[in-house]
Amino acid sequence: MNVPKSTLVQMYRDMVTIRVYEETMAQVYLEGKQPVFNIAAGPVPGEMHLAAGQEPVAVGVCAHLRKDDAVVGTHRPHHFAIAKGVDLKKMTAEIFGKVTGLGRGKGGHMHLFDPEVHFSCSGIVGACIPQAAGMALAFKMRKEPRVAVAFFGEGAANQGAFHEGLNLAALWKLPVVFVVEDNGYAISVPKHKSTAIATNADRAAAYGIPGVYVGENDALAVYEAAGEAIARARRGEGPTLIEVKTYRYFGHFQGDPEVYRPKDEVARLREDDPIQKLKNHMLQSGLFTEAEIAGLEAEAKQRVEEAFAFARASAYPDPSEALMHVFVD
Amino acid sequence: MNVPKSTLVQMYRDMVTIRVYEETMAQVYLEGKQPVFNIAAGPVPGEMHLAAGQEPVAVGVCAHLRKDDAVVGTHRPHHFAIAKGVDLKKMTAEIFGKVTGLGRGKGGHMHLFDPEVHFSCSGIVGACIPQAAGMALAFKMRKEPRVAVAFFGEGAANQGAFHEGLNLAALWKLPVVFVVEDNGYAISVPKHKSTAIATNADRAAAYGIPGVYVGENDALAVYEAAGEAIARARRGEGPTLIEVKTYRYFGHFQGDPEVYRPKDEVARLREDDPIQKLKNHMLQSGLFTEAEIAGLEAEAKQRVEEAFAFARASAYPDPSEALMHVFVD
Amino acid sequence: MAVQTTRKLTMAKAIAEAIAQEMERDPRVFVMGEDIGVYGGIFSATDGLLEKFGPERVIDTPISETGFIGAALGAAAEGMRPIAEIMFIDFAGVCLDQIYNHIAKNTYFSAGNVNVPLVLMAAAGGGYNDAGQHSQCLWGLFAHLPGLKVVVPSTPYDAKGLMISAIRDNNPVLYIFHKGLMGLGWMTLIKDTTGPVPEEPYTIPLGKADVKREGTDVTVVSVAMGVYHALEAARELEKEGIQVEVLDLRTLVPLDREAIINSVKKTHRLLVVDEDYLSYGMTGEVAATVAEHALEYLDAPIKRLAVPDVPIPFSRPLEQFVLPDAPKIVAAVKELLNS
Amino acid sequence: MAVQTTRKLTMAKAIAEAIAQEMERDPRVFVMGEDIGVYGGIFSATDGLLEKFGPERVIDTPISETGFIGAALGAAAEGMRPIAEIMFIDFAGVCLDQIYNHIAKNTYFSAGNVNVPLVLMAAAGGGYNDAGQHSQCLWGLFAHLPGLKVVVPSTPYDAKGLMISAIRDNNPVLYIFHKGLMGLGWMTLIKDTTGPVPEEPYTIPLGKADVKREGTDVTVVSVAMGVYHALEAARELEKEGIQVEVLDLRTLVPLDREAIINSVKKTHRLLVVDEDYLSYGMTGEVAATVAEHALEYLDAPIKRLAVPDVPIPFSRPLEQFVLPDAPKIVAAVKELLNS
Ligand SMILES: Cc1ncc(C[n+]2csc(CCOP(=O)(O)OP(=O)(O)O)c2C)c(N)n1
Ligand SMILES: Cc1ncc(C[n+]2csc(CCOP(=O)(O)OP(=O)(O)O)c2C)c(N)n1
Ligand SMILES: [Mg+2]
Ligand SMILES: [Mg+2]
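Protein chains in written order, with my numbering: chain U, 21 to 349; chain Y, 21 to 349; chain A, 843 to 1181; chain D, 843 to 1181.
Keep in mind that the hints are not guaranteed to be accurate.
Taking lysine-lysine pairs in the DSBU-like style, the calculated list, with each CA pair at most 35 Å apart, reads [what the hints assert, rightly or not]:
(1) A:K1107 / Y:K213
(2) U:K53 / U:K25
(3) D:K1170 / D:K894
(4) Y:K53 / Y:K321
(5) U:K87 / Y:K321
(6) D:K1081 / A:K1107
(7) A:K1108 / A:K894
(8) U:K87 / U:K283
(9) U:K283 / D:K1108
(10) A:K1170 / A:K894
(11) U:K87 / U:K193
(12) D:K894 / A:K1107
(13) U:K87 / U:K109
(14) U:K213 / Y:K109
(15) U:K163 / A:K1176
(16) Y:K297 / Y:K163
(17) Y:K53 / A:K1050
(18) D:K1081 / D:K1107
(19) A:K1108 / D:K1107
(20) U:K53 / D:K1108
(21) U:K299 / D:K850
(22) Y:K25 / Y:K53
(23) D:K1107 / U:K53
Keep in mind that the hints were calculated from the coordinates and are not lab data.
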């Protein structure tokens, strides 16, 4: 597969950005929550779902998307948001509950809306699926060559919304791609205890659409599968269902005791890290020097640092803003 | 296939009972609604969904069921109820809103509950599917060799409840059979405008369970397919999804202008009537004389007449009963 | 409210006309739902639209309410203005999440950066013996959930103007019509099945109640079919010299609390009538509003008349027993005046 | 209510103990839900049950609420007594149809021939910045729908007794606990995280409110976290000589209207506090009850304090602004006394 250098740059930079972002967030989230973990304390209270380890699916798909394509994500949205190009400062400020945030602090980590890049997400499992179909319907009705993507976990593939959304999209040949992130667990429940078949990609048969299974947590493999799916959608040939095997390095949310998985599982997973894998590929390709790659990494780190600094420095909204924005004019 | 004579008797008698019942109901329903059709008038007000033409699926499946097996039906429930052995008098009285009815007039035609034979139904499309799975769960937990059956239309197979119910049942290997009645339409919407694939039976692949398509509106064909599915469930090997091609002779509900289908469609369908087909088979089998069959028909007619007479003769509940039975003690 | 027309329409035709006019005006408006195409909507609210606008803008959907209501949200987020019909409001339980956690909240979550200009349309109400899953009103449930405007018209005139306002509103609007008021030939629950409706498009502001009849002795607050019954009761009571003021809320969200309070300040007596369930609903909210803001004007305890917290029973005598009607309103008003 | 024990438990442990004791007593009782097995329930309401009763009676489900809630109904119809956990009450929108059109109505449709003995358990409430899809109370919504009993405990003692009653009840019961009251180490929203709970099983009748504190000057009616705040406010107000009566409804359905009326007859002033949304909810119903049945006892307009019809915002200052708390109750009571 021939991946343009600029795409490799984008994917690598985004993967590193995501990783650094999530690791930074993991730290910041703990501020004020030690020695006793109290979810309501610190600069970032509330639930926190991190996506470190799951970078490939986000960057491999979003590398094919344009600014005006739409992405709808989940309760674990940072990697998708970053890969889709959501304003990192405003996103971080939102997660801190600051007035400079995407939603002036009203939405928080599970409710990031950036209409500039057509990104949104939701804390309700599976809800994104018909929503993405509807965005695709708008594109199709207006004959715009735009595509919508719904990302969701393997746990979400057992929700009724999955079935209804896929049937609609297939029936109406909508320009949408459904991407299942199979990180093996829905909170504590492993896939084999929630899903009657091994591979959700096989469920594409229930809608007469292509189903593609990407069995490795690898950005290039995702990139390839997604490329065909998105091109197909853009050509007006309808939806595709893609499932990607991936791994979640952190708990379901921060503070998760993780009693449901072997203590060494994550350590083993980290040995086969997808960022390192892409880096190896880039070096082997001869297109990149170590220094160039280090430059991308530095750039990513700096962006993340700036975003967190911006969030910290920003003010909280005035309490009375709570009463605003229920309706627009 | 070797079908015992007693089974043929049961199926034929039930088919005729259903047909006579529905045709009688079609007449009675019009009482008070002429010359101007007024849904709120007459001895049987409210919506009325009749199943004439769809007898094979009900009798072919229920012929394998025992009294303590459970059936959950739909808004179009009479054929299932009759085939499951619901008390015809109490059922008819319920449809008339009489105090002698199954629910003392509270439920009406879409809400028939007969715990004696474990029959229930619902006016919400698709709702029966997880409910039947739950009944099967109860049987399995108590290690009883009982089976639950959910009947529903092809339109219902696009509801989220379908997906969730089938996944649960397959995952937990529940003794349940899912039967799709494909009568071609969901009210006015033909199957190809609602369903992304031609055959819902193929959706069984999404759950790793057997999917069986019965392409003719024929009691014996259904009987054969259902036999294996129910035996399988009773053996503890899990659910099966069966789809049966069938035909609805009346409108979606009585009063339906049927603008969505060719005027001669029903006439054509009636030429290949499933009752006549079973009758031919019975005569050809040499097991039955014309007289015997006529006897079964007479018996069916009499039962229906008696049921309607019972319903008519029964009293309405006292109005204040409306306040009773929200809760039991 | 002066109506400048002699043309009379049923509510069903008024709604369909409002939608058609807005579809002509604005290419972003489209309609989706079950049986809204060839069939024209089970209660005829979309009658004739398929012929006028074709299947690309009048879209029959599978029976997948979460699917197409979620899709309506997605389309609205990307610049369309969908009208999505949920055939019976009773069915909203299969897709409520899309409605209250997404459609109603995305604007707030995004601090107004995302608009959700869509109309959810649904039929409500009983009186024709369709039993407990097909006869509910449930508007109190939706009015409890922030982020949705809730419209409940009682006349063809209001129906058209409120529908046009709903479509033009940049916020999600739940538009619930009462089947019995639609003027359908096959469902003659009321005597006057038509009302004057101007041909040209017009709007009625969401959040303004309407005094459907002025009176001085007692205020009856209601919506939809309740207004119809209240007017009938008022005519009855007038014969006995009792002047009933009938206040039609028209929208439950925004709620015109001022109109309620002003009327009670005038009449000093309040009866709230609702075909929705009694408890934790509209009657409670209206009563509470008065108990908070006009308590000292009350000359008698507030009375409420609504479905007494039972599912809607099928059998006619049972259903008639639980539904509000003019005789029950007459009796309640008399009790109010004697207390 | 005299508690005969010195043993103290958190509400989470009280609930898990109630369930365990009923599971021991009755083999028909089982539990299902997301992450209720190994994880013990996200809010620990099922902690320890898997170890005690094994995976056949403590069943982790897929994320398919319509599936497993519908299955719970089916199992109940066939003689089991399921307890099904909906992790957050906010998620009920994906399965509401099974709840209000089936679980709540099948008994009525069948005139009592079908019993639906099941408990739906769910977490509610905010205060820890989990935003609008994870912080709602929504009990007002369910209380509006006939056929469901609705339990909302405020103390570990009540939590256990009400859970045992709920399990033994032959009707469907929605049991909503407030996350902040569960006494979870990781969510310390209240100061007193434990309370006395007798070890032996006991029941508390559904439909009986409880005077959590006697007073003569003003009645504060609330549930769950609101009761906690009201008690704190009462202690504060006592310093100024104001005697607040705190009435904990404990169940919204059945609603103990008599207790409300009796308290208002004593104090002549009413404040209703709720963490659910203000309009068309619990505060309205309680206020209306008094306006109907004890109007003449009121010395001041009724006051209500609840979430002001906005989704629960994420940011801490915003969330704190909309949630009821002790200082807001103190202020409201003072206003009541000055009016
Ligand atoms: C409808 C609904 N049910 C339950 C939840 C609670 N919940 C949040 S995330 C989650 C697990 C999701 O698993 P999966 O879809 O695999 O995504 P992952 O967390 O693994 O990324 C659950 C059960 C929810 N948010 N919405
Ligand atoms: C959730 C829900 N949506 C819509 C309806 C309205 N409705 C009743 S029957 C029906 C068509 C059902 O079609 P199908 O499942 O094929 O059954 P059939 O009527 O053909 O027997 C519809 C849309 C409903 N009752 N429930
Ligand atoms: Mg997962
Ligand atoms: Mg059909």
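Which numbered hints fail: Per hint list: 1, 2, 3, 5, 6, 7, 8, 9, 10, 12, 14, 15, 16, 17, 20, 21, 22 and 23 violated.
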